[in-house]
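> Letter by letter, the chains look like this.
Protein chains: 2
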Amino acid sequence: MKPILSIVKIGGNIIESEKELARFLILFSQIKGPKILVHGGGKKATAMADKLGIKTAMVQGRRITDKKSLEVAVMTYGGLLNKSIVASLQALKCNAIGLSGADAGIIQAVKRPVELVDFGFVGDIVSVHTQSLLIFLQTGLVPVFCALSHDGKGQLLNTNADTIASELAIALTKEYTTSLYYCFEKPGVLSDISSDNSVISHINKQTYFSLLKEHTIAGGMLPKLENCFYALDHSVHKVCIGNLQMLLPNSSTYTTLTL
Amino acid sequence: MKPILSIVKIGGNIIESEKELARFLILFSQIKGPKILVHGGGKKATAMADKLGIKTAMVQGRRITDKKSLEVAVMTYGGLLNKSIVASLQALKCNAIGLSGADAGIIQAVKRPVELVDFGFVGDIVSVHTQSLLIFLQTGLVPVFCALSHDGKGQLLNTNADTIASELAIALTKEYTTSLYYCFEKPGVLSDISSDNSVISHINKQTYFSLLKEHTIAGGMLPKLENCFYALDHSVHKVCIGNLQMLLPNSSTYTTLTL
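Line order of the protein sequences matches chains A and B. Here our numbering = 1-based position in the first sequence + 59. Here our numbering = 1-based position in the second sequence + 59.
Some clues are possibly wrong.
It does not matter which identical chain is used: a pair holds within one copy or between any two.
Stated by the list, open to error - When the alpha-carbon atoms are kept at most 27 Å apart in a straight line, the in silico DSS-like pairs for lysine-lysine are as follows:
no. : residue 1 : residue 2
1   : 170       : 152
2   : 103       : 272
3   : 264       : 114
4   : 170       : 245
5   : 114       : 170
6   : 212       : 91
7   : 152       : 91
8   : 212       : 152
9   : 152       : 61
10  : 91        : 283
It is worth saying that the hints were derived from the structure and are not from the lab.
Build the full structure now, drawing on both the sequences and the hints.
Shown next as structure tokens:
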């Protein structure tokens, strides 16, 4: 049987609160066995861009990553957030190593092709090179990824953190039984968006299609779940969605997704 | 015989010019065998601090690293510069991995004790943990260090890049014959500060003391050479000082220091 690998992705709500982040890192450091952390950047980059007088370009309601916005992303995600998280984990005796997708050439992407909109320096992942990553995991290191990839030609690219987490999980299924944990502000997938007490504890592909049909799943949850089932379809063992509570040893309030 | 390891440190003058940096990275990527790059940040951090309206505090002509200045250093050295260098090296087929001293717990420091001046978040190195670093080198990875360390209690610290390079070289002498290359704007140690044609090609400890006595070595070169002889006294094989030319295969115009 393959060893279990936990890949945890945290979103903006945790990153933005010093207290929440500290609480999360304690829980994360206590996860047994090999593990990977993937973090987004949330509003930190926007706040930094504002301070620097860089305007976030938007086209059709979507954010465009121009050269200056990419620099801000590299500074905040790849620099400040990533290294601060690593230093905090080291203090918790968790041997963290901060990585972008360019480091050790792990995550290669292509600049998203221009169709109707040029999204700028946004990367769609084309390959994950696990050779170094496997050595890190096997020697007890805990990789901490920020949401950056590279194109192999010297260009860093902004890449969605949810996608980075799922692509890493998929790439490592050959050697590990990979479990993906998406940590966000809600306690799980809700059957009633207005009630945090309506967590759906288990969703499989069949119930997923029913929920889609009934329009129970909508808005931002749609691409999230699509990404989860994509991972499951590509041999990821299970995907869990919830808030920090999900990482407590005896927690039960969160959503587990399986095929 | 131990394998040769080259540790190259580049200063502000190379970092600040896109052209010079590109030229340097090509030469660096062509160095045979295991190698490490250490980079400072130069004026990039100061420029960023200016843009953010953060004033560089100075006491007795020395720069103080307060909380905000440290954040700027982490963003620019640890983020923008480090990850851009890594992406460029990857494009040159050099399997770079960007690191701060906190990553894999490699460089531990203590906040410089307050005597007459509180320098703020400045770290004096206390130990270098080579375990992961050796694995990186042995598996063909090329570590790229920025000038940051950590205190093991969650605090990142600003640390002089020259010192990081020499402490890494010293720590790795058990497994490698380490050569240190300090790349700066001058072609080497000059006997006449006004003439670039006056490079002293070789300095040993005996000639070093003579040069000190004659006041040939002065100003910023004093701590630089002190640091070099400290490394040589701690089993580093040789130290070379010069500009980019030093890395050319048949170059001869630079200063070599040995015991």
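> Now, for every hint given, state plainly whether the structure supports it.
Going down the list of hints, with the structure as the test:
1. 170 with 152: Intra 37 Å, inter 19 Å, cutoff 27 Å: inter-copy only.
2. 103 with 272: Intra 36 Å, inter 54 Å, cutoff 27 Å: neither.
3. 264 with 114: neither (41 Å within a copy, 56 Å between copies)
4. 170 with 245: For residue 170 and residue 245, neither the intra-copy (32 Å) nor the inter-copy (39 Å) Cα distance is at most 27 Å.
5. 114 with 170: Classified as within: same-chain Cα gap 21 Å, cross-chain 37 Å, threshold 27 Å.
6. 212 with 91: For residue 212 and residue 91, only the inter-copy Cα distance (22 Å) is at most 27 Å; the intra-copy one is 37 Å.
7. 152 with 91: Answer is within: at 13 Å inside a copy they meet the 27 Å cutoff, but 35 Å across does not.
8. 212 with 152: between (36 Å within a copy, 9 Å between copies)
9. 152 with 61: For residue 152 and residue 61, the Cα distance is within 27 Å only inside one copy (25 Å; across copies 32 Å).
10. 91 with 283: This pair counts as within: shortest intra-copy Cα distance 26 Å, inter-copy 46 Å.
Violated hints, listed in ascending order, are 2, 3, 4; each of the other numbered hints is respected by the structure.
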